[in-house]
Amino acid sequence: MLEAKQLSKTYHGKQALKPTSFTVNKGDIFCLLGANGAGKTTTINLFLNFIQPSGGQALIDGKDVVKEPLETKKLLTYIPENLMLYPNLTGLENLEYFSGLANKKYPKEEFLRFLTEAGLQGDAHDKRISTYSKGMRQKVGIALALAKDAQVLLLDEPTSGLDPKASNEFSELLTKLSKKGVATLMATHDLFRAKETGTHIGMMREGSLVEQLTTDQINHTDLEKLYLKHMN
Amino acid sequence: MLKHTIKYEWLNLLRDRWVMILLILFLGITVFAVRNGKEKVEDRMATITKEKEKMGKLDRRMAAEIDSLNNNLKPAPEPWQDPRALDNIGWDAPRVVAMDAQPLAVVSTGQSDLFTHYAKPKIYGEAYTLGFSELSNPVQLLFGSFDLAFVCIYLLPLLVLGFSYNVLSSEKESGVLRLTLAQPISLYQWLFGKLLLRFFILTVIVVASILFSLTIFGIEWMGNMGAAMKLILLVTVYIFFWFLISFLINLLGNSSGSNAVTLIAVWVVFVLLIPSIISQTANSFYPVPSRTIMIHEYREAKALAEKKADEILKTYYREHPEYAPKDTTQQNQYSWWLGNFAASDVINQSVQPVLDDYNEALNRQQNWVNRLRFLSPAILLQDGLNDLAGTSPTHYTDFRNQVIAFANTWRHYFIPRMFNNEKMRAEDFGCLPTHSYSSAQVPSHYLADLMGLLFFLTLAIGGSLWVYRKNRFENVFSV
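Line by line, the protein sequences give chains A and B.
Residue numbers for the first sequence follow this note's numbering, so the first one is 879 and each next one is one higher.
Residue numbers for the second sequence follow this note's numbering, so the first one is 42 and each next one is one higher.
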């Protein structure tokens, strides 16, 4: 579903991402681990076509994101570290607005159902986003994924700054989506969640993908050891 | 997509209170500006009415006096007070040549605070032609009064810029833009939709404020729908131009602060810098000859001619045998005037080159300003509004020509009668030549000004497309 083919990015002569290849299949949750500046966000930005690759290709459902940006964006939902919405609009209105941008229109009840499914409590649906916590905003992002019927989730440290309960809820939602066949690419610092939720793990260092493994190959302790080995 | 963007943008704006603040702000400013304009126009019309009333009163008094003198009800006055003498009528009871205000004169003061709106040309003397020749640079007059034109030219762009400078950058800075651009949309269309809505909101506010202000001050705009529509069209195009400039600067993807600075710089260039450069160059390239020297030369020629009045009169009779006295035994009571009439022709001929030079220089300067007005939308709007208000330099030049033409008519009513040694009769007051003002023959700049503004619109759209294609928006995400 998601494929990086010798994908690379150079900023002002510095290689932020060295030629990298990996694949995320349907139902996979691919967790990118690595220190800040390792190239995780760059990789996600490349899939979003926010920046142009210096080499290689980023493919979503076999389509090049540079050549068919509108087609590939129809398939994906993106949740950044701090999902920002329009503070003067309610959760429901934000959801309607962003779904509409993706040309998805439903009756109001349907949108409410998406919000509920994403775990947002009913009394918050008609409150303005300015009253929302970060966790609640992330849930609107998940509801958007549901409304867009996204095939691909691009997540950039979505659980950083969430309390453990909210973080757990979020992981459960990811698992639920993954069972529906959504391919997820998630950059994270949370080794525990990566092992619990992820199906695959990639470790990045200085712009290179130095390790790729599946989560059932390794336990928590070994994962941490392996991570520290690569980082030092 | 466009409709969707606009719908939610509207919802967003409504909850922002921006629209209400804008409405109240602009309405207040407009009402104040129209009130100022109205005051000026009322002053102008009041002066004209007063002069006309004075003239009518004098006419009636003189007619009554002629009647009583003819019926020997009164002793004959001194010759210089006798209303039966044509020279006294031609000199003391001149007609009022007035430039009536156009229906939309309140819109723009233009040159109305510089020139007089009425003249009373007499049978002799060219002073009135000189009195009109004052030219301070029309562009400097842009800095004049707080009228509707000032509000539209100077303040409106600032409102537009305040309302739009951070449409893209604020979303970038708050982070919403990342989610927006993760959707399958074109940034260009999406941003255009947002600005288009703001343009409509502001235009509705502006048009409503203008029409409301005109209505409460009793200006007949409904009866002059054509002119009112022209006014609205011109202002709308100007607003749209500034929105497009803001669109273009937003597309560069810089921060809100840098957008604000850039837009203010564009405002300064178009609204302040270019007009003042044009004004400066007009003075340097086409200096207007000294008016003092011109008046001096004029007086010298006049003094010379007056010395030779007898000789000139003889020549004049040779050239105008129809005026030669038929009955040489009777002394013409106007003989002093006849010499002067003859002399004035000679004076006019000899000072004509001086006057021509002066007028030519003024014309050249005016043409320079007229041509260069296409360099700035602000000047184009000013010019178009002056055109609608009837206060443009062209209108005043035309009025001056009307005064000169009427002065001629006035003199030529008297000259043959004076050469014939006729007297004024009471019933003649009804037949004296009169002037009625019309601006129909003034060539209109409106269409050219509108085309100029549309050209700037095209330029701004072209510029925004170019910026969009060239800029790959990497800096939109370089947070």
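Be aware that one or more of the hints could be misleading.
[Claimed, not checked] As a list, the in silico DSSO-like pairs of lysine-lysine whose alpha-carbon atoms are at most 30 Å apart:
no., chain 1, residue 1, chain 2, residue 2
1, B, Lys348, A, Lys945
2, A, Lys1012, A, Lys983
3, B, Lys348, B, Lys464
4, B, Lys161, A, Lys892
5, B, Lys348, A, Lys952
6, A, Lys952, B, Lys464
7, A, Lys896, B, Lys48
8, A, Lys1057, A, Lys1073
No lab work stands behind these hints, which were simulated from the structure alone.
Quiz prompt | Given hint Lys983 of chain A paired with Lys1012 of chain A - CA-CA distance at most 30 Å | solution = Given pair Lys1012 of chain A, Lys983 of chain A holds - Cα atoms ~26 Å apart, limit 30 Å.
Exercise. Take the C-alpha atoms of Lys952 of chain A and Lys464 of chain B, compute the straight-line distance between them, and say whether it is at most 30 Å.
Key: With Cα atoms ~97 Å apart, Lys952 of chain A and Lys464 of chain B exceed 30 Å; violated.
Quiz item: Between Lys896 of chain A and Lys48 of chain B, does the CA-CA distance stay at or below 30 Å?
Solution: violated (43 Å)
Self-check item: 30 Å Cα cutoff - pair Lys161 of chain B, Lys892 of chain A
Solution: violated (83 Å)
Exercise. Compare the distance between the alpha carbons of Lys348 of chain B and Lys952 of chain A with 30 Å, and conclude whether the hinted pair is satisfied.
Key: violated (97 Å)
Practice problem: Starting from Lys1057 of chain A, check that the Cα of Lys1073 of chain A is at most 30 Å away, please. | Solution: holds (17 Å)
Practice problem: Below or equal to 30 Å on CA atoms is what counts here, so check Lys348 of chain B against Lys464 of chain B. | Solution: The given pair, whose Cα atoms are some 28 Å apart, holds under the 30 Å limit.
Quiz item: Under the criterion that the straight-line Cα-Cα distance not exceed 30 Å, is the pair Lys348 of chain B, Lys945 of chain A satisfied?
Solution: Violated, because 94 Å separates the two Cα atoms, which is more than 30 Å.
When held up to the earlier numbered hints, the structure conflicts with 1, 4, 5, 6, 7 and fits the remainder.
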